[in-house]
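K.L.:
Each chain, written out:
Protein chains: 2
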Amino acid sequence: MNGAEALLQTLVDSGVEVCFANPGTSEMQLVSAIGKTDAMRPVLCLFEGVVSGAADGYARMADKPAATLLHLGSGFSNSLANMHNARRAGSPIVNIVGDHATYHLQFDAPLTSDLPGIARWGSHWTEIAHSPEELSAGGARAVQASMAGNGQIATLLAPADHAWNEAAEAAPALPPKTPLTVPQSRIDRAAEAISSGGKTCLLLGGRALREESLATLGAIAEAHDVTLMSSTFPTRLQRGAGRVAVQRLPYFAEQAAEALAPFDRLILLGAPAPVSFFAYPEKESWLTPDSCELITLAESSEDVAGAAADLAGALGADKAPTQVQTRQRHEITDESLNALTVGQIISNEMPAQTIVSDEGATCGLAIYLCTEQAEPHDWMTLTGGAIGQGLPVALGAALACPDRKVVALEADGSAMYTIQALWSMARENTDVTVVLLNNRSYAILNIELARVGAGEPNAKTLSMLDLSNPDMSYQQIAEGLGVSATQATTAAEFESQFRDAMGTRGPRLIEAIVTG
Amino acid sequence: MNGAEALLQTLVDSGVEVCFANPGTSEMQLVSAIGKTDAMRPVLCLFEGVVSGAADGYARMADKPAATLLHLGSGFSNSLANMHNARRAGSPIVNIVGDHATYHLQFDAPLTSDLPGIARWGSHWTEIAHSPEELSAGGARAVQASMAGNGQIATLLAPADHAWNEAAEAAPALPPKTPLTVPQSRIDRAAEAISSGGKTCLLLGGRALREESLATLGAIAEAHDVTLMSSTFPTRLQRGAGRVAVQRLPYFAEQAAEALAPFDRLILLGAPAPVSFFAYPEKESWLTPDSCELITLAESSEDVAGAAADLAGALGADKAPTQVQTRQRHEITDESLNALTVGQIISNEMPAQTIVSDEGATCGLAIYLCTEQAEPHDWMTLTGGAIGQGLPVALGAALACPDRKVVALEADGSAMYTIQALWSMARENTDVTVVLLNNRSYAILNIELARVGAGEPNAKTLSMLDLSNPDMSYQQIAEGLGVSATQATTAAEFESQFRDAMGTRGPRLIEAIVTG
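Just so you know, the protein sequences line up as chains A and B, in that order.
Counting the first sequence from 1 gives a position; the working numbering is that position plus 1.
Counting the second sequence from 1 gives a position; the working numbering is that position plus 1.
It is worth saying that the hints were derived from the structure and are not from the lab.
It is possible that some hints are incorrect.
Copies of the same chain look alike in the list, so a pair counts if it works inside one copy or between any two.
As the list claims (entries may be wrong) - Listed below are the simulated SDA-like cross-link pairs for lysine to any residue, each with C-alpha atoms no more than 20 angstroms apart in a straight line:
id, residue 1, residue 2
1, K320, R244
2, K284, E167
3, K461, E429
4, K178, T38
5, K37, S464
6, K461, D39
The whole structure should be built from the sequences, with the hints applied where relevant.
P.N.:
Dropping the structure here:
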């Protein structure tokens with residue numbers, strides 16, 4: 002076997018089942034190796050930002066890594082924005098990046114760049130394979146590294162000659178890393194603080210937002226004066242009917258500060274301390290009130306679920322929570338199509354166990370609020386703020402969970418970053434319904450423009466935030482990429498189209514022309 | 002005036018007229034500043050790869066930089082692949098990258114990343130502004146740096162607070178840098194070598210491929226046994242009727258080696274020594290024959306045109322060349338649509354001074370060869386090998402030269418990387434005709450797969466290089482992005498559509514379904 006085949010064998014033995022790929026010449030042996038096995042599903046993506054975003058979505062749902070296959074420094078560059086989002090999400094990803102043959106690098110051929118430099122920039126863990134055998138052994142280490150701290154970006158650089166030369170054998174898989182246990186002293190400190198009275202907010206991120214941990218935390222909240230709040234952009238929040246509900250920390254700094262103002266202490270469980278997303282003139286970046294005690298129970302890289310259970314144990318909160326979300330349908334009274342009616346209809350129609358990928362930007366919050374009492378579902382958000390994540394994440398989630406419906410809430414501006422994802426959705430016949438929220442504007446930037454104190458904008462300034470002239474038709478774009486698409490301009494049209502999409506398997510796009 | 006306004010003033014005073022932009026919250030003051038002046042044309046692009054590619058195309062035609070406006074580390078990341086191509090092209094670009102306010106960085110908000118690190122990775126010159134005044138002064142230095150060595154990537158990081166705080170004044174423009182003069186000793190050595198007999202190849206790149214230098218070099222070639230050859234992927238080659246013709250170094254290594262085999266010496270003028278684009282098992286990376294003397298006359302960063310003139314002077318080759326390309330129309334005898342008939346029709350129909358952006362991949366060479374005797378035109382290629390350059394380069398070239406027709410030859414696989422460029426073409430009403438060469442495959446990779454010795458591919462392997470399933474309709478995609486589009490499946494259809502496009506101003510896409 003050659004180095005590429007040995008690496009593939011090791012990845013398969015390490016439990017990697019899917020490879021999101023956009024290969025080039027230097028990866029042809031790896032392509033060929035994938036072609037020879039049934040144990041790895043290759044998913045061709047038409048741009049590397051789709052590759053990395055899809056690997057993120059897959060990891061969020063599968064709790065294990067997919068592999069990516071990327072071409073040299075430029076291919077890796079194209080993947081970086083969604084790699085950033087995956088890093089913020091805490092998603093495990095194993096990148097295999099082909100490089101020129103080792104002896105070819107010295108010639109500075111046109112596609113040569115400092116691949117190790119940019120790989121290290123974009124990854125938690127980077128290794129350059131130095132032989133065909135080490136390519137395979139590096140694959141085992143990469144999978145192991147990707148699972149450290151609940152999820153990391155692990156990047157293995159694969160020089161082409163080590164892929165095509167003979168390897169003596171495939172390296173065995175390595176034992177998985179488990180997240181560090183939170184020391185008892187931190188559990189005790191948090192428990193004492195909660196027991197001491199006063200108002201406590203448990204700010205939750207990472208794995209703390211899964212159903213089981215939320216039930217544990219819900220029991221604590223019922224027994225003590227504790228409010229459960231999720232971070233603004235959770236990786237994966239399990240919510241809806243039958244689950245313990247949480248508040249969500251608002252996006253805008255002043256609203257977040259207001260939400261945090263009542264509390265005597267803030268206990269962080271898998272979430273960082275809340276800070277403003279951007280800085281604004283004369284506004285605070287740090288959002289915890291001065292009078293509020295700040296206690297870190299667990300970092301997102303630690304055993305968050307274990308810490309939640311240990312905290313409940315320390316507090317004697319061992320009963321199941323009684324206050325869980327109930328199912329409630331909305332009555333649609335508004336005929337116009339806007340974020341609210343879209344949200345109400347989605348809430349009514351989406352089936353149990355739907356996975357929502359929310360890159361709805363200004364429309365996202367209303368839809369989120371409307372779906373509180375929907376059937377139980379998973380909600381995934383734009384964790385790192387680099388737009389262009391939503392469609393790829395939906396693609397990856399659909400491949401991780403082929404039996405579940407995926408709904409992608411996608412704003413028009415963000416959609417255009419990685420619109421290529423639609424083609425892979427069609428090619429893989431994924432069960433994704435994209436709700437394309439078209440307000441023909443980078444609407445969030447109109448809000449931000451006012452907030453940064455840039456004065457009264459003139460027409461020329463506003464034109465730089467405007468997505469009309471020409472209007473885009475996402476219906477046509479989707480059809481061009483092989484995805485069936487319709488357009489809705491009223492609540493009734495959207496309801497009919499969305500209901501139909503929920504009742505039918507396969508990729509679909511509904512362009513919702515929204516007015517606000 | 003605030004720092005952003007001061008910077009804008011300095012950029013305008015430094016001769017920057019166009020800003021390709023995809024801004025976010027941290028750039029709102031710069032957006033507002035652009036809105037307040039008529040001296041800067043903002044061009045909104047829907048993805049940062051379009052921004053950097055368009056700035057490259059603009060620079061190739063204008064011989065001066067455009068500015069870009071990019072959002073934090075993720076925005077800059079997205080621009081990197083085409084920044085790589087621009088670096089290989091030797092294009093001057095001035096990047097203005099907004100960053101979080103200086104005091105906000107410490108909080109590691111979600112979009113925070115090591116922006117200085119990646120800016121340095123992707124740029125020749127990087128500076129972080131440390132005050133509102135230094136933001137403006139840094140702009141002057143960035144423009145100056147961008148023009149060093151005929152063209153560099155200069156990146157200025159603009160913290161948001163320095164943009165919104167008051168600046169005492171706008172810094173003045175700095176004198177432009179001129180490329181270094183080639184020392185007489187190198188001129189003499191090259192002249193002596195040519196005079197000493199034997200067969201000489203002058204390998205040309207960068208500015209050596211402009212009309213004037215080619216005329217100078219043509220005179221040398223007529224007086225001595227000298228062959229003029231362009232590098233494989235020239236930045237901008239002026240060719241067609243009335244111009245001195247050059248051979249083009251082939252892409253595949255064994256063909257390149259064969260083309261170079263006859264020569265006793267190779268003189269490099271603005272081109273690097275020829276090496277294989279990729280490595281292949283058992284094939285050479287270094288392409289100059291062992292028996293061939295290798296002489297560097299001028300690096301691409303030096304005064305290449307001056308070196309050409311000095312060489313002609315040293316050789317006494319001071320007459321105008323007599324052998325220039327003649328105009329010749331093709332007779333179209335094949336009814337099927339393929340690279341050859343597309344090339345013949347384009348050659349017949351494109352008007353004088355057309356600018357061609359060639360990212361035609363496997364179809365590109367035939368079209369290039371067919372257009373040898375077309376009306377005089379400029380030919381621009383994929384200089385760095387990172388696909389997704391062609392459409393943005395065409396956009397930028399059209400803005401630099403609003404009175405000239407631009408033809409973008411675009412392969413289907415490459416097109417999907419930066420398809421967003423079509424929208425900006427429509428929005429700016431650029432005179433670009435996109436010829437979308439749709440063979441429903443990454444065809445080049447089918448060739449490369451065989452060349453890397455990966456064995457006989459099976460169906461699963463081939464599927465990873467295939468762009469059917471589903472077939473894309475670029476006609477629909479283009480219409481969805483606001484560009485009028487048609488589809489051609491025969492030579493006659495293509496001829497009629499292309500002729501019509503050449504006779505009408507404005508953006509247009511012709512999807513050519515090609516069979517080979």
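K.L.:
When no copy is specified for K320 and R244, does a C-alpha distance of 20 angstroms or less occur within a copy, between copies, both, or neither?
P.N.:
Classified as within; 15 angstroms inside a copy, 87 angstroms across copies.
K.L.:
Given identical chains, is K461 near E429, meaning Cα to Cα at most 20 angstroms, within a copy, between copies, both, or neither?
P.N.:
Between copies only: 14 angstroms across chains, 43 angstroms inside a chain, cut-off 20 angstroms.
K.L.:
My question is about K37 and S464: at a cut-off of 20 angstroms on alpha-carbon distance, are they close within one copy, between copies, both, or neither?
P.N.:
Between copies only: 12 angstroms across chains, 52 angstroms inside a chain, cut-off 20 angstroms.
K.L.:
Checking K461 and D39: alpha-carbon separation at most 20 angstroms within a copy, between copies, both or neither?
P.N.:
Between copies, since 9 angstroms is at most 20 angstroms while 55 angstroms is not.
K.L.:
How do K178 and T38 come out at 20 angstroms by Cα distance, when the copy is not named: within, between, both, or neither?
P.N.:
Result: close neither inside a copy nor across copies, 27 angstroms intra and 57 angstroms inter.
K.L.:
Taking 20 angstroms as the upper bound on the Cα-Cα distance, should K284 and E167 be classified as within, between, both, or neither?
P.N.:
between (61 angstroms within a copy, 17 angstroms between copies)
In the structure shown, a violation is registered for the earlier hint numbered 4 alone.
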